[in-house]
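Okay, here's what each chain looks like letter by letter:
2 protein chains.
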Amino acid sequence: MATGRTHRPATRSRGIPEATVARLPLYLRALTALSERSVPTVSSEELAAAAGVNSAKLRKDFSYLGSYGTRGVGYDVEYLVYQISRELGLTQDWPVVIVGIGNLGAALANYGGFASRGFRVAALIDADPAMAGKPVAGIPVQHTDDLEKIIKDNGVSIGVIATPAGAAQQVCDRLVAAGVTSILNFAPTVLSVPDGVDVRKVDLSIELQILAFHEQRKAGEETAAGDGALPATTRDASTDQGPDGDVPAVMPA
Amino acid sequence: MATGRTHRPATRSRGIPEATVARLPLYLRALTALSERSVPTVSSEELAAAAGVNSAKLRKDFSYLGSYGTRGVGYDVEYLVYQISRELGLTQDWPVVIVGIGNLGAALANYGGFASRGFRVAALIDADPAMAGKPVAGIPVQHTDDLEKIIKDNGVSIGVIATPAGAAQQVCDRLVAAGVTSILNFAPTVLSVPDGVDVRKVDLSIELQILAFHEQRKAGEETAAGDGALPATTRDASTDQGPDGDVPAVMPA
DNA sequence: CCATCTTTGTGCACGCGTTCACAAAGACAT
DNA sequence: ATGTCTTTGTGAACGCGTGCACAAAGATGG
Chain A
1 MATGRTHRPA
11 TRSRGIPEAT
21 VARLPLYLRA
31 LTALSERSVP
41 TVSSEELAAA
51 AGVNSAKLRK
61 DFSYLGSYGT
71 RGVGYDVEYL
81 VYQISRELGL
91 TQDWPVVIVG
101 IGNLGAALAN
111 YGGFASRGFR
121 VAALIDADPA
131 MAGKPVAGIP
141 VQHTDDLEKI
151 IKDNGVSIGV
161 IATPAGAAQQ
171 VCDRLVAAGV
181 TSILNFAPTV
191 LSVPDGVDVR
201 KVDLSIELQI
211 LAFHEQRKAG
221 EETAAGDGAL
231 PATTRDASTD
241 QGPDGDVPAV
251 MPA
Chain B
1 MATGRTHRPA
11 TRSRGIPEAT
21 VARLPLYLRA
31 LTALSERSVP
41 TVSSEELAAA
51 AGVNSAKLRK
61 DFSYLGSYGT
71 RGVGYDVEYL
81 VYQISRELGL
91 TQDWPVVIVG
101 IGNLGAALAN
111 YGGFASRGFR
121 VAALIDADPA
131 MAGKPVAGIP
141 VQHTDDLEKI
151 IKDNGVSIGV
161 IATPAGAAQQ
171 VCDRLVAAGV
181 TSILNFAPTV
191 LSVPDGVDVR
201 KVDLSIELQI
211 LAFHEQRKAG
221 EETAAGDGAL
231 PATTRDASTD
241 QGPDGDVPAV
251 MPA
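So the sequences go chain by chain: A and B.
For the first sequence, full-length UniProt numbering begins at 1 and goes up steadily by one.
For the second sequence, full-length UniProt numbering begins at 1 and goes up steadily by one.
Do not rely on the hints blindly, as some may be mistaken.
Note that the list lumps identical chains together, so a pair holds whenever it fits in one copy or between two copies.
Claimed, not checked - Heads up, simulated DMTMM-like pairs for lysine to aspartate or glutamate below, C-alpha to C-alpha not over 20 Å straight-line:
| hint | residue 1 | residue 2 |
| --- | --- | --- |
| 1 | Lys218 | Glu87 |
| 2 | Lys134 | Asp145 |
| 3 | Lys218 | Asp195 |
| 4 | Lys57 | Glu87 |
Hints are computed from structural coordinates only; laboratory data are not their basis.
Given only the sequences and the hints, what does the whole structure look like? Please build it.
Spelled out as C-alpha cells, the structure:
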C-alpha cells in the first residue's frame, strides 16, 4: 500500500531512522526463531540472511540502537531480542481495539500474531446491534455506542479499523477523540487525523494492483502494440530484469 | 509489515519509479470516486488532497505517464481513470488463487476490493482435506494436491499466500514452479523466490509493532530515566507532535 | 605476549524520491 | 488579437537510505 506523506519529511524518531524501525520487527522475528533453537550468537551475515536484508544494512541498523555486538563473534541472541523488544515497546502490554467485526475484523481478532507480541485484543466493536454480545475469538462483540467508554476503561491507545470505507473516517474521529493515538487502517480510504496521531494503512487491493503492474510488464511486452493512447509499443522484452523496488504500500499517514 | 530488499537497487520499471507505481492505485481510487460523482475535471491540488499526497508529487507522478492534463484547467477524470487503469494492467482480468483458507484466507476470499479491480478469485486452496468441497465466499475449496493443475488450468499468475508461516515457503515454491510470478504473502516469513518473481508482503503484526514504537515514544519521554525497562508510565499528552515518517512495511521481495 | 583471523561499526559516495519554485501553456474575457 | 489568470509540467536542490569497503576491536591459538 502506498500513501503519501503530506507534511513532515520523515522525521527521525529519537535518532532511529524510520526505515530502521520498520525493519526491527523483522530482525526480532528472526532472532526469536534462533532463540527458540537455543542458538547463543549470530553474525550479522547470518541474521541478515534470515531476515532477508543486506548485512551492512543490518549492522548499521543495530548501530542506531547501540553497540550490542562483539567483533569477531557476532551478536548475543537473547540480549538482542531483549534490546529490540524494549526499543519497540513490546515489553509492555498494548491493549488494542478492533472496530468493524466483519470478515476481516473477525480474522484479525483470531490472528495469533497479535497476542504473541504483547498486543492484547481488549475489545471488539461493531455497529451492528445484531453482533452485540456474540463472541468472536472468545471475545464478546460490543456496540459502537460504547466505543468511548471502552477506550477509556481499557486505556487503549491503539485502534484497528476494519470497517467498510464509508464508516472509517467517522470511526477514526471517535477513536481519536476518545484518546487513541495510533491507528491501523484496513479500510480503503485516506484517513485524516490531527497531528500527533499515527496512522498506518494496509490496503490489500493496492498490493494486488502493484503486483498487476509488474505482472503486466513481465507478460505482454509485445502485445502492447494495440490501440494507441500509450507509447508502450514495440517493447522488446530484452533484458527484463524483473522489476521490484523498495516501495511501500503501507505507510504512516 | 516490513521487509528488506537484498539485491537489486529499486529498479525503475519502464521509466516509472516504483514510488509512483505504488501511488497510482491511490489516485485511481480517488478518481473513481470523482467519476461516480460525475465530476468532469480535477486540478492536481484537489486530487492530491483527496489522495492524501502533495500536489507537486502528484503532478510529477502523472508526468511519468505522459501529459494528460490541460494547463489552466486540470485533468480529465474519465481519461485519467482509463490511463491509470491501463498502466496498472487493470483493464484485463487477473485470475488469482488464495492458498490457505483459514480465518484470513476466508476473509480475503470475501473481500470485495479484489473483484472490483479486475482481480478474480479463480480458486481457493487448502491443505485440510476436511475443507475440500466446502464453499467459502461461494467458491468451493480445493485441495493442495491439485495446486499445479489449478494454476495451469486457470492461467493464474498471481497467488496469495495466507497459510501458517511454516507452510508458506513450500506453498510458494509450488506456486512458482507451477508458473505463478507474483505473490502476495500474508504469512509472517521471509520467502525466497527466483529472480523474475515478485513478492509483496503484508504483515499485520509488524504494522502494530511499528505503531507501538511510536506510541512508546509519545508516551514516556521523561520517564525514560528509570531502570531501562520501560517508560510507559505517566502519560502526559502534552504537545505530542507524534512521529511518523514514510517508511514501508510492505515491500517487494 | 604476539600474530592472525573474524566480524563489527562506520565514513563515504551514490542514487532515488520529494519538494520548491517557476516558466510555459492554454483557457477565457474583452 | 491581446492580456490576464489559472494550472500544468519540470529543472534543480536537498535529504534520506543504501551499500561498499575498510579500519578498529576483539577472540583465539601458539
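Hints, one by one, checked against the model:
In this homomeric assembly, Lys218 and Glu87 come within 20 Å of each other (Cα to Cα) only across copies, at 13 Å, whereas the closest approach inside a single copy is 41 Å. For the homomeric pair Lys134 and Asp145, the shortest alpha-carbon distance inside one copy (16 Å) is at most 20 Å, but the shortest distance between copies (36 Å) is not. Within a single copy, Lys218 and Asp195 get their C-alpha atoms only as close as 41 Å, which misses the 20 Å cut-off; across copies the closest is 12 Å, which meets it. Only within a single protomer do Lys57 and Glu87 lie at most 20 Å apart by alpha-carbon distance; the minimum there is 18 Å, versus 33 Å between protomers.
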